[in-house]
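2 protein chains.
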Amino acid sequence: MLFKAGQSGRDLLKKDKPMLPESLGVYVAGLYLTVLTLFIPINYLGKANHSTLVSYLSALLSICCMILLGFVDDVLDLRWRDKVFLPAVASLPLLLVYFVNEGITYVTVPIPFREYFGNYIDLAIFCTNSINILAGINGLEVGQSVVIAIFIMLHNIIQIMLNISPQLCENNYFSLYMLIPFTTLSLTLLKYNWYPAKVFVGDTYCYFAGMTFAVVGILGHFSKTMMLFFLPQIFNFVFSVPQLFKMVPCPRHRMPNLNVTSGKLENSFAEFDLSEVNIIGLICIKILRALGLIDLKKAANEERVIISNFTILNSCLIWFGSLSERDLAKLMIFLQIFACLFGLSVRYGFSNLLY
Amino acid sequence: MLFKAGQSGRDLLKKDKPMLPESLGVYVAGLYLTVLTLFIPINYLGKANHSTLVSYLSALLSICCMILLGFVDDVLDLRWRDKVFLPAVASLPLLLVYFVNEGITYVTVPIPFREYFGNYIDLAIFCTNSINILAGINGLEVGQSVVIAIFIMLHNIIQIMLNISPQLCENNYFSLYMLIPFTTLSLTLLKYNWYPAKVFVGDTYCYFAGMTFAVVGILGHFSKTMMLFFLPQIFNFVFSVPQLFKMVPCPRHRMPNLNVTSGKLENSFAEFDLSEVNIIGLICIKILRALGLIDLKKAANEERVIISNFTILNSCLIWFGSLSERDLAKLMIFLQIFACLFGLSVRYGFSNLLY
Numbered sequence: 001m002l003f004k005a006g007q008s009g010r011d012l013l014k015k016d017k018p019m020l021p022e023s024l025g026v027y028v029a030g031l032y033l034t035v036l037t038l039f040i041p042i043n044y045l046g047k048a049n050h051s052t053l054v055s056y057l058s059a060l061l062s063i064c065c066m067i068l069l070g071f072v073d074d075v076l077d078l079r080w081r082d083k084v085f086l087p088a089v090a091s092l093p094l095l096l097v098y099f100v101n102e103g104i105t106y107v108t109v110p111i112p113f114r115e116y117f118g119n120y121i122d123l124a125i126f127c128t129n130s131i132n133i134l135a136g137i138n139g140l141e142v143g144q145s146v147v148i149a150i151f152i153m154l155h156n157i158i159q160i161m162l163n164i165s166p167q168l169c170e171n172n173y174f175s176l177y178m179l180i181p182f183t184t185l186s187l188t189l190l191k192y193n194w195y196p197a198k199v200f201v202g203d204t205y206c207y208f209a210g211m212t213f214a215v216v217g218i219l220g221h222f223s224k225t226m227m228l229f230f231l232p233q234i235f236n237f238v239f240s241v242p243q244l245f246k247m248v249p250c251p252r253h254r255m256p257n258l259n260v261t262s263g264k265l266e267n268s269f270a271e272f273d274l275s276e277v278n279i280i281g282l283i284c285i286k287i288l289r290a291l292g293l294i295d296l297k298k299a300a301n302e303e304r305v306i307i308s309n310f311t312i313l314n315s316c317l318i319w320f321g322s323l324s325e326r327d328l329a330k331l332m333i334f335l336q337i338f339a340c341l342f343g344l345s346v347r348y349g350f351s352n353l354l355y
Numbered sequence: 001m002l003f004k005a006g007q008s009g010r011d012l013l014k015k016d017k018p019m020l021p022e023s024l025g026v027y028v029a030g031l032y033l034t035v036l037t038l039f040i041p042i043n044y045l046g047k048a049n050h051s052t053l054v055s056y057l058s059a060l061l062s063i064c065c066m067i068l069l070g071f072v073d074d075v076l077d078l079r080w081r082d083k084v085f086l087p088a089v090a091s092l093p094l095l096l097v098y099f100v101n102e103g104i105t106y107v108t109v110p111i112p113f114r115e116y117f118g119n120y121i122d123l124a125i126f127c128t129n130s131i132n133i134l135a136g137i138n139g140l141e142v143g144q145s146v147v148i149a150i151f152i153m154l155h156n157i158i159q160i161m162l163n164i165s166p167q168l169c170e171n172n173y174f175s176l177y178m179l180i181p182f183t184t185l186s187l188t189l190l191k192y193n194w195y196p197a198k199v200f201v202g203d204t205y206c207y208f209a210g211m212t213f214a215v216v217g218i219l220g221h222f223s224k225t226m227m228l229f230f231l232p233q234i235f236n237f238v239f240s241v242p243q244l245f246k247m248v249p250c251p252r253h254r255m256p257n258l259n260v261t262s263g264k265l266e267n268s269f270a271e272f273d274l275s276e277v278n279i280i281g282l283i284c285i286k287i288l289r290a291l292g293l294i295d296l297k298k299a300a301n302e303e304r305v306i307i308s309n310f311t312i313l314n315s316c317l318i319w320f321g322s323l324s325e326r327d328l329a330k331l332m333i334f335l336q337i338f339a340c341l342f343g344l345s346v347r348y349g350f351s352n353l354l355y
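So the sequence lines, in the order shown, correspond to chains L and U. With the UniProt record's numbering, you'll find the first sequence wraps up at 355, consecutive numbering, no jumps. With the UniProt record's numbering, you'll find the second sequence wraps up at 355, consecutive numbering, no jumps.
The set of hints was computed from the structure by calculation and includes no laboratory data. Every value quoted in this text rests on a predicted model; they were computed, and no experiment measured them. Keep in mind that a hint or two might mislead.
[As the list claims (entries may be wrong)] With beta-carbon atoms standing in for the labels, derived distance ranges:
(1) L:Leu-168 with U:Phe-39: 30 to 40 Å
(2) U:Pro-18 with L:Arg-10: 43 to 53 Å
(3) U:Ala-270 with L:Gly-263: 54 to 64 Å
(4) U:Ala-270 with L:Phe-85: 19 to 29 Å
(5) U:His-221 with L:Asn-43: 18 to 28 Å
(6) L:Phe-85 with U:Arg-79: 27 to 37 Å
(7) L:Val-346 with U:Thr-188: 51 to 61 Å
(8) L:Phe-85 with U:Lys-224: 50 to 60 Å
The beta carbon of each residue, even a glycine, is placed where N, CA and C say it ideally should be.
With the hints as extra help, turn the sequences into a complete structure.
This is the structure:
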């Protein structure tokens, strides 16, 4: 059905470049919304707490808006600079309701409106786009989301066991309600999206996953802790900045290339003249090269250089040599798990210093 | 942008059959959601009434789900028998929340669960699909929706002026909040969708409009009155039943045909052998022919007959002769206005007998 509607794409990192159905994320996301909707009477029937139901509904509404916008993006292929701000639009219901809700509960406390709004919109934009940027090989988008979700749930369980205050417990239970169905459904999707992928998940899934995390972080009041589980994404984003903001030339696709003979992935490169790059770009290249994150070679034409693209995937290929797509995906998942473990230990080991 | 994504269709009732962008409804619907979201702080900030905010959010969530499903349908072209039940899925958030909400407010009153649920799901399915069926010529979907919305608002204003009880007033204000932006945005869309159309609205719009009416009818507690404004849709649906349920052969498209020489619309026909039709079908044909609603002729091949399709559009062409597309659309809008006026007078003139 997706094929017929033109919702399909070529898997560029396979020898025969097969056509795969795209936007499978929209099914999973729809199923997720249905499950959470069916939870409403289970969780709230007979309880007099309207305030938490309001939060829950605003969360669903924001996720639903994000899925809608993500699917529109998949179908219409919006421009990059428009896409970045879709999560801001979708997070409006959540933020406005949160604001109204807090306004009712703590009406005496003046809320620093702009600062607080800005932070949370940033969170929504960051969560969605950082997952969307760290992508390009089979299973990576879904895999990293599952790992992050599992670590957030671990954090929630620890918090509930510490039992600091009833309000805190409730926030963490809320997060679990949201993430258990998310993880289950994502694992099912991962089965089909893992190498060799039978389906693509589309931008819809990245937006959906990112928005779910943002919602959980905002309403669960642990957005700072959550950032600790996004370390690879933060690193990848900062690393990408010189290319994303055109300080260094950026090709259309930055994912690794397939070496057809060996069947392994190799670095993809951007080729350009060093004189085209301004001083900031040159400094970036120098620093990143010194750190061993990028590879720089003279091109066949003596005056030009080729430089590996600024993504964490390319850096991994520099450090570990050529890898098959499956191995690179595994490596990235291990990296994510390692980073999340580090984040969790920072949260509970050094939290006195940070918070 | 919609063209590039394959979201376009031919306008079959024009001489040159131009390609027009489709699914424009999704923009309007998205804008509508944004406007209603921005209303949240205006309406609810500082008020302690969480219960109405819960209703409002569940309404937005249902409409958002419906838009998402409608757009998925536009892109994927779902089968007819799946489409019919999409509104039931989308109305779940509304109904479950309503149930929970009532459960809190009137917890002592046992609600006849199944009966009540069934009624409201029926309402959602009816409102969306009846608008979707009465379609096929430029401006008709949007035009009828605007007329219905205006009459519902008239009803609301009358109710508010009668000022029977504060609860009733609040319900009617709620309906106005929902319908004023809807009407404004639909009128803008109508400007581009009216003959000769520059855009198509897609199933997205029909679902969106129908769901908005269903939500307003359910939460405003005037679903029976609303049915009075849907008389042409009810008539068209009942009239279509013999073809929809295959008692009489049903061609792929049932909208009128264009006579290229005169530039006017003429009846479209289904051709078949009378012996193919079972006894129920024959009775339907006999009754409808006696009422002058359908036209039956001998086909060129003596053994077969041709029969005008069972839609209100075809009946109008029988009564009034060939009409241009613009005139037929105008006629239908007048019919809708007339039917709504009749409905309104029934509601206020004979309400003692009916309610």
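Original post:
If you check each hint against the structure, which ones fail?
Top reply: 2, 4, 8
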